[in-house]
Each structure stands twice: as structure tokens, then as C-alpha cells.
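1173 is the number that this note's numbering gives the last residue of the sequence shown; the numbers go up by one with no jumps.
Careful: at least some of the hints might be erroneous.
Each pair of labels, with its calculated beta carbon distance range [stated by the list, open to error]:
#1 G966 / A1089: 45 to 53 Å
#2 T644 / E688: 55 to 63 Å
#3 P671 / E766: 45 to 53 Å
#4 P671 / T644: 17 to 25 Å
#5 R687 / S709: 34 to 42 Å
#6 G966 / R687: 39 to 47 Å
#7 E682 / S728: 38 to 46 Å
#8 L1024 / R687: 54 to 62 Å
#9 D1021 / L755: 43 to 51 Å
#10 V863 / R687: 50 to 58 Å
Result set (DSBU-like, lysine-lysine): computed pairs, CA atoms no more than 35 Å apart in a straight line [stated by the list, open to error]:
#11 K987 / K770
#12 K964 / K929
#13 K964 / K983
#14 K723 / K684
#15 K929 / K665
#16 K910 / K868
#17 K723 / K1125
#18 K730 / K983
#19 K1125 / K868
It is worth saying that the hints were derived from the structure and are not from the lab.
All values reported here derive from a predicted model rather than from experimental measurement.
Just so it is clear, CB atoms sit at the ideal spot from N, CA and C, and this is done for glycine as well.
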Amino acid sequence: MTNPAHILLLEDNPWDAELIQAALKTLLANPRVVRVETETAFREALNEDIDLIISDYSLPSFDGKRALAMARDLRPNVPFILVSGTIGEEAIDSLLAGATDYVLKQKFSRFAPAVQRALQEAGERKARREAEQALKKSEVEESRDTLFIASSDGNLIDINPAGLKMFGYSSKEEILRANIGRDIYRSARRWKEVCSLLEAHGYVEDLEVELKRRDGARLIALETTTVASNEEGNVKIFHGTWRDVTKHRELEAQFLRSQRMESLGSLAGGIAHDLNNVLSPIVMGVEILKEKHTDPDSMRYLVMVDTCAKRGANLLRQILMFARGVEGRRTPLSLIPVFEAADKMIRHTFPKSIEIVTDIARDLWRVSADKTQIEQVLMNLCVNARDAMPDGGRITISVRNEMDEKSGPYVVVEVSDTGRGIPPKNLPKIFDPFFSTKQTGTGLGLSTVSSIVRNHGGFIDVDSVLEQGTTFTIHLPALHRGSEEVPVTPGSSDFPLGNGELILVVDDEAAVRDLVRTILSNYGYRVAVAADGIEGVAVYSKLRDEIRLVLTDLDMPRMNGAELIRKLERINPDVLVVSVSGLITGDSFGQTIGGPVHAVLQKPFSPADLLRALH
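Given only the sequences and the hints, what does the whole structure look like? Please build it.
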């Protein structure tokens, strides 16, 4: 920004306020920071020209949630960052309510990039709004609005040809039989409100109203209407215009949804990093305990803990995949056991009023796929089918091979139901994020399905007939090698022992460092540890002639893994590095760092994953 940034800070704690102001002065050139502590002062400050709002989540008489609602109402285009000492459901609620970011005080290193990103995105949005407004003005000047004359009770007296096209009538005679409150407005109550405004003020200007086409399709229009009276002042007729802004509002809504997805992606990344650090010691610790406690009771509980931890890891990968488009771990996969397991689950959990029919070819070709994501696709489609049949019906799941002469082999998955079907007007929107016809739906299910299928190189089609049912058809590229299973990857016990090689482990989580050191020590390696990048550089500089490999986390305070790797490469161009992260895949990391990174571990990882990366 060319002018100093004007920042509104809602914070009652003097120490926290001083910390935030110091960070802002380091980050920005001469920022103007206005600090307030009360709701009244906050509301008054919103009347000024503000570039950014920063708010504590918990205050004695006022909280960040109410402040966010007030800011979204009075200054909807100003980015809003919440700072809190805890993270939970309120974080996701805040992002969904429109907050730009949510920063933990314990993870204050995220504050500076959050402020930079918020100000940059706000500037870009402002530039886009100005461009869109200029384009909209040009389009309006060249377009023809609907012009109408109506009686005070809403009967149309005259209308121009643009009105016929806008509302879908074939002739002027036909549309002149319409009544505005009954046939044009979606809500008769809203028409009465507009009439009251006209009677009170004599006109309305650029009033946004919801109208409807003859076929029932929703229209959004800006209405400008004036009242014509006779000499005695009695209301006679309305002269008005309707400007169709439906497409513009839909584009605005789509833009807001995409912005919300970006915010969710940022939040998901932070949550995934913290939770993966929690899960990593559990996954590694269970494997160590399995070797020490082999009795049946202990093994049963350890397997249970291991299964739950890995389910949590899979859930985190799904969240990241949806929010950031992260690809899953793909392997040559036969869909037969995947669909057989899903079939058992569905039969046990779905109502008995729903019949399940499966037709799975026994000679299915394999596909390159992430098993967890394919399971998610199938379950989402089956749950949608179940919800479409509240009174019962039949779900049919079929899987077959199909050879296309032009594009090659596919495995085709069809999920059909005998439910109420999808209205034709909704079909083009069912894969849009946040589009849902369910009162309790998130609108993310089919959007996630479509994203997963596309990321696997496939495509999805839908065919639906009202009151007859819906069929989703998925085409996944096949490997065309038959349906045999992929050999199981050897466990940790199959890895050769080390020979006293020194491994430097750099991670800010003490539990991760300790367990990695235990595992590597058990396999014959020596281990040096560091709690962050700065300490890692110091240890490596001291022991560079002994250290054979560096295992480093990417997301650390003070100095992150990427910067550490660059500094190590300057010390020793031949340094070997295995990177660790819960946020990105190996492919995307290689594109970001490259050079000395020879392997990538995704948290949480097992001892076998760790040893495999070393070899």
C-alpha cells in the first residue's frame, strides 16, 4: 500500500497489544494503529477508513465473535484477523462467519504472514471490485432494462420487449395479464413492503428484489420505481424499471465462496500441522510397544489405538485434500476389496427399508488411486442416495471395465438410487462448493467427490429423473493389468540395521524427537537432535564431518525447515536431507525446495515409513 496502513486493534490486554503493535511496526512502514477495548469504541472506529482489523477472541465485556459480526455488517470488505490463546470449534465457526484468518498466540510466528496475506488479498479484491464495477457500468449502459407501468394494486398496464425476455413470456398480451405481487415477485409480502415504501416516499431507487420467471426460476433485480399521482394526490400508477443482476450476484456469491475456501485452506493447514504433531508420537509409540508387549490383551488395545490414530491421519489428509487440493497417496489398487468392504458397512448401517444391490465384475482392472479417497467417494454417493429415499428404495452399485478406443481403459463405477431425483435447474450446480438442498447439509459432499475424481484423472456424470431416481457414473483411468493385489510393503523388521551412522533430527516437538531417536537407536544409528532450525545449523556446523543425513520438520518456529535446508546446503553442498511435513506431498515439496531433499515423510509416520525414507 502506498499510504501507511490504518489498522484497528481490539485488545484489552496491554502486553498483548504491545506485542501486536511491535510486530506490525516491524512488518509495515509507519502503520497507524488505533487500539480500542470496548464495543462502543470499536463501533465508532469502524466509521473511519480502515485497512485491517485485528481482534482478540475473548474480552471481558465484548468478544471477537460479536466484533466480527459487527465488522462484517458495517465494513464487509475489510480483512479481519482473530488472535486467540485457544483453538477449537470457534476457529472454524469464525472462518465460516467471514474471518480472514485465526492466529494462535502460542503460534505467533503465523501472525506476520497472516497480516501480509490479508492486506495483499484485500488490495487485490479492491482492484477486482473496481474493475468489476467499471465493467458492470459499461454493460448496464449498453443493455436494455425492463420498463413497466402498473396500477397501484400491481396489475401490469404496459411493459417493454425486454420484460418479455426477462420473465420468459411469449407475448405482450400474456404478460399484461400478470400481477406483480402474484406473478412477478417471489414473495407477495415483499411486494407489499415495496408498496409501503412507495406510498411513504414516492419512489424507490436501486432496491434489490427477488423476482421469478414464468417457469419459476429465480431472478434478482434492482428496482427503481416512482409514483404518478393525479391533481388530488391520489395514487394512480407506478412507473418503474427492473435491471436483471442475477448473474452478477451469482458471480459475487461464487467469488465469496472461493475466498471462504482459501480461508478454510489456511486454517486447515495450521490445524493439520498441530494435530499431525500429536498423532506422530502415537503412531511411532504404538509400534515400539507392539515389540515389547506381545500378549493378546496388550496387542488388542495397541492395534485399536494404532487404527484410531491412522484414521485420524486419513481424516486430516482428506481435509487438506479438499481445502488445498493436496493429492493422496496413490498406489496400484484393485477396487474389489474396497467396494466389498463398503458394501458390508452400508448393509449394517443403512435402514432396512433400503435394498442394496451390487454388481462388481471379478476381473476388474486396477487403478492408480488413493484407497481412502475412493472410499470417501463411494460413501458420499451412497449417503446422498440414502437421503434421497426417506421412505426406502433401492441403491445399486455396479463396477465394470470399459475400453474406450480413443482414451483407453477405464474402470466404471455407477451408483444409482430410486429416490426423488434432482430438479433440472439444480443439476448444473450440484458439484459447486457449498451448494446443498438439505437443511443440515454443508454442500461439500459432491464437491469433494468431483475434486477427488478429477485429481485421479477421471470424470463424473449424473443422470436424474424426477420421482424416478439418480445415477452417478464415474470413469477412472485403469492400469489394465488385471485385478491381482499389490504386494504388501515390508514392515519395519525387514529393514537392515544401521552401522553407527549419525543422523541429525530437527523437530520442534519433543515427543517426536524422542521417539525418532529411540527408533533409530534401536536400528543401530547414532542420533543428534535439535529443537529448531537455528539449533540445527549449530549442531550441523559442529558435527558436519560425522552427520550422514538430516531429518528435519518443515514447520518450525524461529527458522523453518526450508530455510534450514538452504543454510545446510551452503555449509555442505552434498548434504542429504529427509524432510517431514503434515501439510504437503512429496511432489509439491520437490517443486518448492529441490536440491538436497532425497525423500519426504508425511506426518504421522510409522517406524517403517521412517526407515524406508532413510534407505
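Each hint, compared with the structure:
1. G966 / A1089: 45 to 53 Å: holds, 51 Å
2. T644 / E688: 55 to 63 Å: violated, 39 Å
3. P671 / E766: 45 to 53 Å: violated, 37 Å
4. P671 / T644: 17 to 25 Å: holds, 21 Å
5. R687 / S709: 34 to 42 Å: Hint holds: Cβ distance 39 Å, inside 34 to 42 Å.
6. G966 / R687: 39 to 47 Å: Distance hint for G966, R687 holds at roughly 45 Å.
7. E682 / S728: 38 to 46 Å: holds, 45 Å
8. L1024 / R687: 54 to 62 Å: violated, 40 Å
9. D1021 / L755: 43 to 51 Å: Given range 43 to 51 Å: holds, Cβ gap about 46 Å.
10. V863 / R687: 50 to 58 Å: Given range 50 to 58 Å: holds, Cβ gap about 51 Å.
11. K987 / K770: holds, 19 Å
12. K964 / K929: Within the cut-off at roughly 27 Å; holds.
13. K964 / K983: holds, 32 Å
14. K723 / K684: At roughly 34 Å apart (the allowed maximum being 35 Å), K684 and K723 satisfy the hint.
15. K929 / K665: holds, 33 Å
16. K910 / K868: holds, 31 Å
17. K723 / K1125: Violated. K723 to K1125 sits at ~66 Å, over the 35 Å cutoff.
18. K730 / K983: holds, 26 Å
19. K1125 / K868: Holds: K1125 and K868 sit about 34 Å apart, inside 35 Å.
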